Amino acid sequence: MIDVNGLRKSFGYNEVLKGITTTINKGEVIAVIGPSGSGKSTFLRCLNLLETHNAGSIKIEGKEIKQLENHLRKKIGMVFQHFNLFPHLTVLENITFAPQQVLKTSKKDAVKNALDLLKAVGLSDKADAYPSRLSGGQKQRVAIARALAMKPDIMLFDEPTSALDPEMVKEVLQVMKNLVKTGMTMIIVTHEMGFAKEVADRVLFMDDGKLVEDEHPAVFFENPKTERAQAFLEKVL
Amino acid sequence: MNLDFAQLVPSIPYILYGIWVTLQFVAVSLVLGFLWGTVLALFKIGRVTILRWFADAYTSVFRGTPLILQMLIIYYAVPQLTGMDIGAFSAGVLTFALNSAAYISEIIRAGINAVDKGQKEAAVALGVPYRTMMLKIILPQAMKNILPALMNEFITLTKESAIVSVIGALDIMRRAQIVGASNYRFFEPLLLAGLIYYLLVMLLTMAGRVMERRLAKSD
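Line by line, the protein sequences are chains A and B.
Residue numbers for the first sequence follow our numbering, so the first one is 1 and each next one is one higher.
Residue numbers for the second sequence follow our numbering, so the first one is 238 and each next one is one higher.
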């Protein structure tokens, strides 16, 4: 579904991605882990053109993504570390905004779909609240619902629980686990090793802009091959 | 002390009528200044180098020279150049609109830049087109940063408008001077003018607070 080949990205003289090559298949759940500054988030942001890569290619269903910018973004949902909910819109309006503006869904259908999504993330009672009234965990669940409202084929998560208080991490991970069950293709940059181990089909371990290991989680967490992965796991587990 | 307000009483309505003139003047200047300022702000955040350069140079010149000089140039020098006679009121409005546009464009530019860049990313990631994003996501949030500063500009403009009296527009200030000159007593009419300006500014300040509170309802 997604073919990444020799992906490179620099910010000024600082090369953040130094040639990433991998393939992500439909329905796979990928956990991207690694130390800070290893290029995980940049890699994810390249996939929906929030960053434009300098060299290499990203193809989605065989088509180079630079050629299908807006069409592509409708197909890819993104969840951010800092939620980025629209503060001047209510929870319901946050979710219905893009379907109405971009997909030209009727208001009635958009609202109905949004209420279903809110129910799925357990926030039916918050439809008319403004984001500032929500806890971090609730905000992130709304953000997931907002991305899902576009009916994406792929969901990207950029450290979705890193900005949360510890007691709110679980409720967000639970929503993501439910999403895994629906067969959604998911790429998750995360520091939640337990979660990665439990739900991921593959773990991509990145370090210093390179893809160092690409393994089944059982293999990666029990028997990391490279020294760098061993050193990393020793620190975080 | 030798203050005599009794002598002023017959002239009070004449001075009060200046409020209407001043407000009209300020309102027209502000609306024109806001429109032109918005255009300049869009030039500044846009990608066209020449427009950005123009807007920056424009702002620099209008902020870097005295307002009264700009007004005198427009009032006296433009007719000399074009042969077109321009009234005091129009010259004043034109000057203030051109001048406040420079300040307002900075206010708007800063307001837009102060919106968290995550907002733009979220909109872009949802496939929202640039125009819609600006109109429905970025600008409504920017307004929260812009309005208080714009209200300040409104207040400054109300006070500064007194300099149109120099070219003879019949605003509060000019009327107070005229009354002073005809009675040979300046203190009382100028005191009244000062009181009027102060009350106007207080009124605008209160209106600004109410507006801010409305905007804050989603916080």
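Calculated directly from the structure, the hints in this document are not laboratory data.
No experiment lies behind these values; they were computed from the predicted model shown.
For each residue, glycine too, the CB sits at the ideal point set by N, CA and C.
Check the hints yourself; a few may be wrong.
Stated by the list, open to error - List time: in silico DSS-like cross-link candidates among lysine-lysine, alpha-carbon distance up to 30 angstroms:
(1) B/Lys354 - A/Lys107
(2) B/Lys373 - A/Lys108
(3) B/Lys354 - A/Lys63
(4) A/Lys126 - A/Lys63
(5) A/Lys170 - B/Lys354
(6) B/Lys381 - A/Lys66
(7) A/Lys104 - B/Lys396
(8) B/Lys373 - A/Lys74
(9) B/Lys357 - A/Lys151
(10) A/Lys126 - B/Lys357
(11) A/Lys177 - B/Lys381
(12) A/Lys210 - B/Lys357
(13) B/Lys381 - A/Lys104
(14) B/Lys381 - A/Lys126
(15) B/Lys381 - B/Lys354
(16) A/Lys126 - B/Lys373
(17) A/Lys75 - B/Lys396
(18) A/Lys170 - B/Lys381
(19) A/Lys107 - B/Lys373
(20) B/Lys354 - A/Lys59
(21) A/Lys119 - B/Lys396
(22) A/Lys104 - B/Lys354
(23) B/Lys373 - A/Lys66
(24) B/Lys396 - A/Lys112
To be verified - Reference listing, derived: stretches of chain B covered by chain A, where coverage requires no fewer than 3 residues with Cβ under 8 angstroms from a Cβ of chain A:
(25) 345-356
(26) 395-402
Below or equal to 30 angstroms on CA atoms is what counts here, so check B/Lys373 against A/Lys108. holds, 20 angstroms
Do three or more residues from the region 395-402 of chain B put their C-beta atoms closer than 8 angstroms to C-beta atoms of chain A? Coverage by chain A is violated for the region 395-402 of chain B (0 residues, Cβ < 8 angstroms).
Does the structure keep A/Lys210 and B/Lys357 at a Cα separation of 30 angstroms or less? holds, 28 angstroms
Is B/Lys354 close enough to A/Lys63, meaning Cα to Cα at most 30 angstroms? Between B/Lys354 and A/Lys63 the Cα gap is close to 29 angstroms, so the pair holds against 30 angstroms.
Is the hinted pair A/Lys170 and B/Lys381 satisfied, with a Cα-Cα distance of at most 30 angstroms? violated, 35 angstroms
So if I understand the rule, the pair passes when the alpha-carbon distance is 30 angstroms or less; does B/Lys354 with A/Lys59 pass? At roughly 27 angstroms apart (the allowed maximum being 30 angstroms), A/Lys59 and B/Lys354 satisfy the hint.
Sort out whether B/Lys357 lies within 30 angstroms of A/Lys126, counting only the CA atoms. holds, 24 angstroms
Hint consistency between B/Lys381 and A/Lys104 [alpha-carbon to alpha-carbon, up to 30 angstroms]: holds, 28 angstroms
Taking 30 angstroms as the top limit, are the C-alpha atoms of A/Lys177 and B/Lys381 close enough? Measuring from Cα to Cα gives roughly 38 angstroms; hence the hint is violated.
Take a quick look at whether B/Lys373 and A/Lys74 sit within 30 angstroms of each other, Cα to Cα. Holds - the C-alpha atoms of A/Lys74 and B/Lys373 are around 18 angstroms apart, at most 30 angstroms.
Pair hint outcome, A/Lys126 versus A/Lys63 [Cα-Cα no greater than 30 angstroms]: Answer violated: A/Lys126 to A/Lys63 is near 39 angstroms, above 30 angstroms.
Hint check: B/Lys396 vs A/Lys112, CA-CA at most 30 angstroms. Holds or violated? Violated, at about 53 angstroms.
Consistency note: the structure conflicts with the earlier hints numbered 4, 6, 7, 11, 17, 18, 21, 24 and 26.
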